[in-house]
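Undergrad: Sequence:
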Amino acid sequence: MIKHIVLYTIRDGVDKDATVAKIASLLEPLVGQIPGLTKMEVRRCYQGADYALYSEFTSAEALEGYAVHPLHLAAKAQFNGLLASRLNADYEV
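Everything in the sequence shown is counted per this note's numbering, starting at 221 for the first residue and increasing by one.
Hints in this document: simulated from the structure, not taken from any laboratory. Glycine included, every Cβ here is placed at the ideal spot set by N, Cα and C. Keep in mind that a hint or two might mislead.
Using C-beta positions, here's what the derived DEER-type ranges look like [claimed, not checked]:
(1) P290 with I225: 32 to 38 Å
(2) T278 with A238: 30 to 36 Å
(3) V313 with G268: 32 to 38 Å
(4) L307 with A280: 27 to 33 Å
BS3-like, lysine-lysine: derived pairs with alpha carbons at most 27 Å apart [unchecked claim]:
(5) K242 with K259
(6) K296 with K259
(7) K223 with K296
(8) K259 with K236
(9) K236 with K296
(10) K236 with K223
(11) K223 with K259
(12) K242 with K223
(13) K242 with K296
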């Protein structure tokens, strides 16, 4: 299993709570729609980054497939312009 964690900051002047809710509503339903994606959580952070994305994949190949999957790309296109920075970490368990 691969765990994929991403910390994001949202651009200044953007409603952060509304943005995180929008992102969660776009990404969390992808579980079951993208092969190998078994878990997805998007949560507002209270310290450091503005929000965290936590997801689990059956394999490194599944994570690679998720990155370029049309459903993921379509969801990402709806909020990517609202983001200021991104830091990710992937590890196998």
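Undergrad: Against the structure, test the hints numbered earlier, and report the numbers of the ones violated in rising order.
TA: When the structure is compared with the hints, numbers 1, 3, 4 turn out to be violated.
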